[in-house]
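Line by line, the protein sequences give chains A and B. Take the first sequence: its letters are residues 5 to 406, numbered as in the working numbering. Take the second sequence: its letters are residues 5 to 406, numbered as in the working numbering.
Don't take each hint at face value.
Which copy is meant is left open, so a pair is good if it fits within one copy or across any two.
What the hints assert, rightly or not - Capping the alpha-carbon separation at 20 Å, the derived lysine to aspartate or glutamate pairs in EDC-like fashion look like this:
| id | residue 1 | residue 2 |
| --- | --- | --- |
| 1 | Lys-149 | Asp-135 |
| 2 | Lys-266 | Asp-135 |
| 3 | Lys-392 | Asp-135 |
| 4 | Lys-322 | Glu-246 |
Rather than coming from a laboratory, the hints here were simulated on the basis of the structure.
Listed below, chain by chain, are the residues.
Number of protein chains: 2
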Amino acid sequence: MKRLGIAIVLLSGFCCAQNPGGFEPASTNVWGAAYPRVDAAGRAEFRVKAPGATKVQVNFWSSPKLDMEKQPDGFWTATSAPLVPGFHYYTLSIDGAEFSDPGSHSYFGGSKDASGIEIPEPGSTYYLAQDIPHGDVREVWYFSKVTGSWRHALVYTPPNYDTQPSLRYPVLYLQHGGGEDETGWIRQAHANFILDNLIADKSSKPMIVVMAYGYARRAGHPDPDLAGKPFGSPEAMKAMQELAAAFEDDMTQVLIPYIDAKFRTIADRDHRAMAGLSMGGMQTFQVTFDHLDLFSYIGGFSGAAGPLVLGNEKLDAKTAFNGALADPAAFSKRVHLLWIGVGTEEPAMMHAGLVRLHTSLADANVKHVFYESPGTSHEWQTWRRDLKDFAPRLFQDGASKP
Amino acid sequence: MKRLGIAIVLLSGFCCAQNPGGFEPASTNVWGAAYPRVDAAGRAEFRVKAPGATKVQVNFWSSPKLDMEKQPDGFWTATSAPLVPGFHYYTLSIDGAEFSDPGSHSYFGGSKDASGIEIPEPGSTYYLAQDIPHGDVREVWYFSKVTGSWRHALVYTPPNYDTQPSLRYPVLYLQHGGGEDETGWIRQAHANFILDNLIADKSSKPMIVVMAYGYARRAGHPDPDLAGKPFGSPEAMKAMQELAAAFEDDMTQVLIPYIDAKFRTIADRDHRAMAGLSMGGMQTFQVTFDHLDLFSYIGGFSGAAGPLVLGNEKLDAKTAFNGALADPAAFSKRVHLLWIGVGTEEPAMMHAGLVRLHTSLADANVKHVFYESPGTSHEWQTWRRDLKDFAPRLFQDGASKP
């Protein structure tokens, strides 16, 4: 059969076989896009069409902006200095407005589908797909009586989940950061491949990982009109607390029962962990310390107890977390793992806040793990490393069982 | 516990509680984005910041462009005429360049993460999440010896797949169109909800639906440099045929065996269907007619046999499809369903091509179904309707079984 018809629509798949200077299209690109591209030193070349623009910049979220230069053909180009390995969000600033790069796939961050570029880390394979058994990532939809709406979550099931129907598994609830959504841990971080690799080399126990959407509006409570109400105003604070409480209720009253009914979980606190990054870390501390009957492993990745990390409050071990730390020995027996981490290059307030929480916990003799990711900022490479350190510490005494 | 930290990062979730003129944020928007928004008549209002631009348009792919007007605050705004119900791709044309709308989620089409807007269809609930049992959508990764790479596919498993471990299911392979990817049938079309609804009201048999990525580069065959080689040149045609053949080999030699090994399928031709839209319909005709030993249900949605639909070739029932139609009675016995569909408002070549294929098949006494979607163009509303008509015709004599 002739392939004329298919040929017409396949044409867009071909592009630009040249490869000067060792630059290769980024793994985060859409099919066929030659730009952005990356070289072995971690430098990135960008190219975008904007013939009518007068100023175009690459707007990295964790690095300085990069000015682009206009070329005679209406395209703008720029080459970065070597970037820190890992996944970097960016957008294009075009004459005072902000858009995504059509050459990049979109990654939800900053409350929008932003662009991203992956800079390979030499020697790091722990977040790449390798020739080992792979788990699935399931999209599930559940109706929440808390929000009065259908909600979407992603659920990683470990390799062989289907072929070992008599086994039950522990569960890690793993939350994204502010402005992100339930897809971030998979699309940006490759959490599924991280778990696949950790399980394959027996560093981690097989587990189910649930990634929920971290924003929740309570049913029948329309958004307040905050126009003219500055951040920190009583109205804004009240609205924020309502959002946070709605998430907590959705998670503990709807999502966890749904997951325990649908999947072969071990549905008790000894086999349930929660961790999250940034906002998700703060949510983790709120949800777990409010519900220590439900959780026994706690992880805060570049985010933990909000007032203690960002609010500059002093840890009072007698009263903090509803008094949970008042007896450190009892706490360590009850909570199998308290884990906090931060990147060494994070913004000063975040880094100092996590360090202060760490030293305060140490001073109060509260057993915990503190991890610093060398050379990385408030970005996904930090959180990939966090997960790589955190996951092997989970469920070692309570693995999957019949 | 105080919620200061969470409050900081939750702030972006609030925006714009006003609702003048009955316009509501589109369901396709990102969380908190007030624009674009839609009213009951199907009109859409757009708003985007571009203070330095001199000309901004909403670039619909299936409707005329819409000029936007610059406002004193640096934002551009426009209100459309009533749009056809359904999902519409669009981008923003800004001074000769093309970008996505930051207010919209991204939907992969046109070989990029484009914007999309959902116009509700009054009375149509068949593609919405309803209070019925829901299937899952699984992301799976398989290594293809054909492409030498890891490939990603989405797999819909019907409600209760997990709770009825003794049942096996028939499989529909469902392909996206040119410039799209394996996510389109879920994100843009809500194929999972369409199947959930059809299965709930017993119109469709429970089935597994596999959505594969329709582009494949053969391992060790780098893209040819087609610079200066016009479309239709021997070099370009050869390249296109190689892409199409690589997809066919990946599907028949790797994907189908992988799916049959991993899922509880009924692994025979009587329980295997393939359909696709546009390019995916052409691929369906190529793959199924080359492998009638593997498939017995065939669907072409706004795309079928390329040369017959787009190439203006005449159907010779004696020789077409390797002679499969030469004996119409034998063909009907062997192929349980041959289904083609097109929207009445599609571009003339596509509409005329499908009508001509339909009448040619009728003239040759080849049993088939021809469906026209009233009032819709080459767009997802056509393909949602196609799936709604097509899926209930599958596997009625060969449903899930132990």
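Going down the list of hints, with the structure as the test:
no.	hint	result
1	Lys-149 to Asp-135	between (42 Å within a copy, 12 Å between copies)
2	Lys-266 to Asp-135	between (29 Å within a copy, 16 Å between copies)
3	Lys-392 to Asp-135	within (19 Å within a copy, 38 Å between copies)
4	Lys-322 to Glu-246	neither (27 Å within a copy, 70 Å between copies)
In summary, the one numbered hint that this structure violates is 4.
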